[in-house]
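K.L.:
Spelled out, the chains give:
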Amino acid sequence: MYKKILILLLFIVPAGCTNLDEEVYDLVPESEYQPGTGDIPSIIAPAYTVLRGMYAGWQGNFDLQEEPADVLVTPNRPNGWYDAGTYQIMHKHDWPSNQWQPENVWQHAFSGINNANRIIFQIEEGKIPVTSGKEELIAELRTARAFYYSVLIDTHGNVPIVTDFRDGSAPSQSTRQQVFDFIVKELNECMPLLSMEVSKVTYGRFNRWTAKAILARLYLNAQVYIGVTKWDECIATCDDIFNSAKYSLEESYKTNFVTENHNSKETIFAVPYDEIFASQNSIHMKTLATAHRNVLNMAAQPWGGNCAVPQFIDTYDADDTRKKDTWIMGPQYSVSTGALILTYRKEVPSMNGTDYFDGYRIGKYEIKTGARGGLSTDYIIFRYSDIKMMKAECLLRKGLSGDAALLVTEVRQRAFATTNPAKATVTGAQLLLGSVYQYGYQEINGTISGLEGGADIQFGRFYDELGWEFAAEGHRRMDMIRFGVFARKSWFNHRPKNDGKLRTLFPIPQDEIDKNPNLVQNPDYR
Amino acid sequence: MINTATVVKVMCILWLCLTCHVSQAAIHLAPITVSGTITDKTTGDPVPGATVRIKGTSAGVTTNETGYYKIEVPGSESILVISITGYATQEIAVGTQTTINVALTTQASDLDEVVVIGYGTQRKGDVTSAVASVKADNFVKGFAKDAGQLIQGKVAGLAVTTPSGDPNANTQISLRGNSTLMASTSPLVLIDGIPGSLNTVSPEDIESIDVLKDGSAAAIYGTRGTNGVVLITTRKKGNRPATLSYDGYVSIQTIARKMEFLDAADYRRLLAEGFFVPTANEKWDYGTSTNWLDEITRTPVSHTHNLTLQGGTAQTNYVASVNVRQWEGLFNRSENKQLIGRIDVNHSMLDNKLKFNVNVIGRNRKFFAAPNYAYIYRQALIRNPTDSVYTYDGKWDEDPNGFNYDNPVRPIEEVDGESRATELRFNGNIIYSPIKDFNIKLLLSGAKTSELTGYYETFDNRASIVNNRKGYGSRGAGHFQDNLLELTADYSKNFGRSKFTILGGYGYQDVTREGFSAWNSDFPTELYTYNRLQSGDAVSNPFATTGMRGVSSYKNNYKLIGFFGRLNYAWEDKYLLMATIRHEGSSKFGVNYKWGTFSAFSAGWRISQEAFLKGSNVVNDLKIRAGYGITGTAPNDPYMSIIVLNYNTDSRFLYNGTWIQPVEPNRNSNPDLRWEKKEEINVGIDFSLFNSRLSGSLDVYQRDTKDMLYDFPVPVPPNLFGSTLANAGRMRNRGVEVLLNYEIIRSRDISLSSNITYMNNKNTLMSISNDLYKTSNDFFFAGHTGEPIQVTTHRVKVGEPIGNFYGYKSVDIDADGNWIIEGKDGKPKPIDDAVPDDRKVLGNGIARHTAGWNLAFRYKQFSLNLNMRGAFGYQILNFQRMYYENPTIKQYNMLKTAFDKVYGKRELANPLAYVSHYIENGNHWKFDNITLGYNVDVSSSKYFKQARVYVSGLNLLVLTGYKGIDPEISRLGLDAGNDSRDKYPTTRTFTIGTNITF
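Same order as they appear, the protein sequences are chains A and B.
Letter by letter, the first sequence follows residues 3 to 528 of my numbering.
Letter by letter, the second sequence follows residues 1040 to 2037 of my numbering.
Just so you know, the hints here were simulated from the structure itself, not pulled from any lab data.
Please note: incorrect hints may appear among the correct ones.
A short, non-exhaustive set of chain A residues, derived as facing chain B with CB atoms under 10 Å [stated by the list, open to error]:
id: 1; residue: 54
id: 2; residue: 84
id: 3; residue: 87
id: 4; residue: 206
id: 5; residue: 207
Glycine included, every Cβ here is placed at the ideal spot set by N, Cα and C.
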């Protein structure tokens, strides 16, 4: 009888009723994706779009470079910002191996690297119909990969080098030296294939000059990264960019940071943002007080967090217009009614007891009337003045302070053009002076206890110049390390650890060590 | 010898039969009319609805409400068979009698009850696996949200919790603890064999609920069976003559327990004492006194009405019901309005060879498309009680400096919205029985749910102001279609003392979900609300963000196909065996593992049928049984195994001046994805003693989950994403379940019965690795405190149970009011010096012991039911205390207890932190439901067949040391024991209701 039933069942059940293929409607199954040449931009896009969360996004590389440094601070306010002490940890260099901000940058950078590898693999396999310019496209993607490694060599140092998308095994770790060599080799190999064009076609993409800028910054920091100076290599690379004559300093400092800053002649490489299509630039949201919404009739309610360290504000020359071009200070009036909404004061009592309007806010990136949760301002990674200053620093360190002073003066001119043009000029001798930063621990009443000052910092004046020119551009941690300040000085509520651990590298994320047995923790965190 | 004896026996029987027929044919007498009354032997009450049938024919009648019947029999040789559920069937030869009164004894054993076991039924006595059955008579009385609440505390091993006061929230059910790491631990719910949810049918329309607890019972449901199966059987068979019954009740709810926050007077006192220091931006006292919780809550009144019409003939009968609910929620404007209609029609023809059943359930649900009440509730708790709802000029009062600090009344009042859902379930089956005991059944079902929502925020809504938009409107529609085809055949046959039942079947399920929504803002008028979305200007504004306008749609599908078979074998009703197998495939699995096979085996020995116990006065029934079965779990979402690409609209790529959409993979794929399997061994005993006054069961189980589905952490690089859904890991659950029923008093006027359930479960994670996926750590973290503490709350570690709290153990407080914690070395240290290694296991959020105790008392027409339940041996992380019992956070209102001395020393001065101070014991005993009923005597009435009125109270008393609102919290998931700070105040419900049958 059982057989009969079975036969009956098999007879009744239509053969098609055992088909279990997935029917996919609102996703694209890779197996059915057959791209044409018109799809290439969409396919290579993931190698770039990761930059947006990675830089000006929530706790991206901008914050990772600024929070541990001496220009910006995120104190605890009445409306929050304690967040399990995460900003205090960053300020005090207390980060454990599972601190999430460094891990954020690791995840973003490797997402860029893995996507670049994935796309290179697809092109090489012929899965993407690249009819012409195949080598050039691969070179661009390799440059993207080298760029991500140039971030990782700075933040995590000893990271795995992965180049083959098919290899799914847990990769082994490379030394900082190996990573350095890899970046240099990749960039030099790709360089001849990269576009020399500077136009909207190459805007936000890796052209030859961006590759040179990556290399220049790598050489500038070579002493930190591999213990070998590369001043001449840096100068030569900077000169290549000067000689291209593709870029120039903008007349106005502000032009670099306006909402439509993609037109700046100074920008070499920027991460494009847009308030509608790419809305992750939230630097203004983190810095503005909540009530600032009423000043600009904003279409979003800012979060009211970070602000300037008062000691840094005190370093500015009174005539330096970069101060007002970088910070939002004092009374703020409604753009529609003219009524006083709030007043930002310079003073920030401490990491713990800070009121809503304490501390100057980042105003460098234009926040237009009616601004939204995301700024359209593009985040600049390399600009021409950066190249000028890199070369100047190398000259200074090579003993050519006079030549360096000429370049620094060139950069300073627009900052004093409307106030006191004579002050723009600096001399080589000045650059050899120390820093005017009043290092020391800030008490609640604003006084500095145990004043350390900055006179002892070699080339301190040049270091100050970097601060004024690039404040709130995500440079400061790198500069502090290169000038030996990072692990030595006290500022605001930060005191040096003096425990033999410099913490100039962040820890390899504990999560990744847990998942990949080939990874060894960086020495300061073992 | 034996063979010869058997042959002789058979021949004798044959001869007897023949003689019978001959004699019957020979003595053909005139018909006789017999009448009489059927009563209950114990109580003497009449038994209405009993069937009086002439043996060997299908002719029969039913007793009326007074127990009276009248039947015409062919002659004096006729035998009457009197049967009704709950009583032992009796046979009486007519002889010369014309009046036959019969007193029925209540059924010797509830082991003769019919139990639903999936694709069929079984006598409870024949069941060899862990199955629990609750009939309508034993349901929890009074206000019931859904089917879950009917059996709360009634089934050992089934935890039913009502974690929310939200009128739209369902009860949460879980069986035998957590046996999977993935999110869903809910059992499969089938309504008359068709997948649904606990609220698919109204509780008043349910006849019985059966629960398949162990793997040997659930294996026939393959990949859906791991968390157990709840089989809901609706009222099926119509009565003759037709009856109409009405059930109705009205409930009110009051807040039973809430957390005590500072009031306006406390604020003024603390300001005077210098605790609050006024500044330019914060004056602390805003001059009014507002109880913010009162401003957003009310005393909700809810009513429910149910009408059921049953009737028909032997060939055709029907059940039709209408259920109306108008439920108000505790928070202003929250509601749930529902209309459920159901028609069930049965028809049999061709001498019962062909049977049809058609069942239609329609459900309309409507509720206020609510703002985010959890957020509103939090705002009410933390808001300054001296602040007012309105400013002097009648506007909403808001604080310009507050971030996530909003007037809680405003988002309730400044919105409009409605959500409607229509569920229509058609199902029908045809049973063809070509020969005796052979049935072929075809079941077809289509369940369709359509949802339509509309939501509008006015110009003066805070979100409109903050986001610079003039109003915001949205509409959304969703459609969900679940089609099922099942073809089964079963055959029963007795061979001598052996009895076989075999079942074979095929099932095909196809589920599609699709929907779309649209939203827009900047409307010219408030009058359209969400009804004319095109009038908003944002849609044509090229600079509008997706937050202001947009559209979205989705569609997905999965299929499940199964071939299954079951064999039941019984020898002399003494030795019982059951074997099942299911070969099942799911489209959700990887291409390499589309199909899987699930098998089960169970056996029972009915010792009471053995000669040495048969006829015992003490032991009425005794059975031991053991079972083994494999069940599975499929991933929650489809398409997890294949590589899929997505165009990303929100984070675009600037290509040659144009923002284009990147195309990118959105997860690591895993072509080896397959079902998670659970192997379960269950050993149990069923007993019925002392004239069935004491009955119950005891089950011991071990469930081993293997190939556990988990978002396995994988290294980046080389992977694109940090986790891959994979099968890795093992988990073990062991437990004991006890069910005890005791009829303490059983007499005509008075009865008292007690029902006790108990369960104990021990969970251990055995491994989270396999050959492919290895971790250097044998743990991961789960659960999160949320902002602003921002740490994980639980650790899931190999060798430990799920639900372990993991954090700093606070042991003291220092002179400055900061926590002293116990370091890794066991020595105290300041929390500022704490390192992650100092964290410890601080308790466990899953109850080790849960118990229920139900008492039913009847005195004449009065009945009193008491349901109690409790849970023991677990801890709760009290989020409300963790966030609001801290005097350093002055910006938000705090609990009065924030000023209590910690460790008897001083007030806390530490910033918010997750420490063991906030972890409390959750032990509790709840007097959950007390119902007092009165059966009105309707024996003299011409119209009423039955009438009952009752009053009931729900959640009346909780005995606990827990300081939070309610220790009965969600026990599901990896973060069990977290008592959210947004937890609604629990309510006490008082109900008055009636059941009337015409």
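K.L.:
A separate judgement is required for each hint: does it hold in the structure or not?
P.N.:
Here's how the hints hold up against the structure:
no.	hint	in the structure
1	54	holds (6 Å)
2	84	holds (5 Å)
3	87	holds (7 Å)
4	206	holds (5 Å)
5	207	holds (8 Å)
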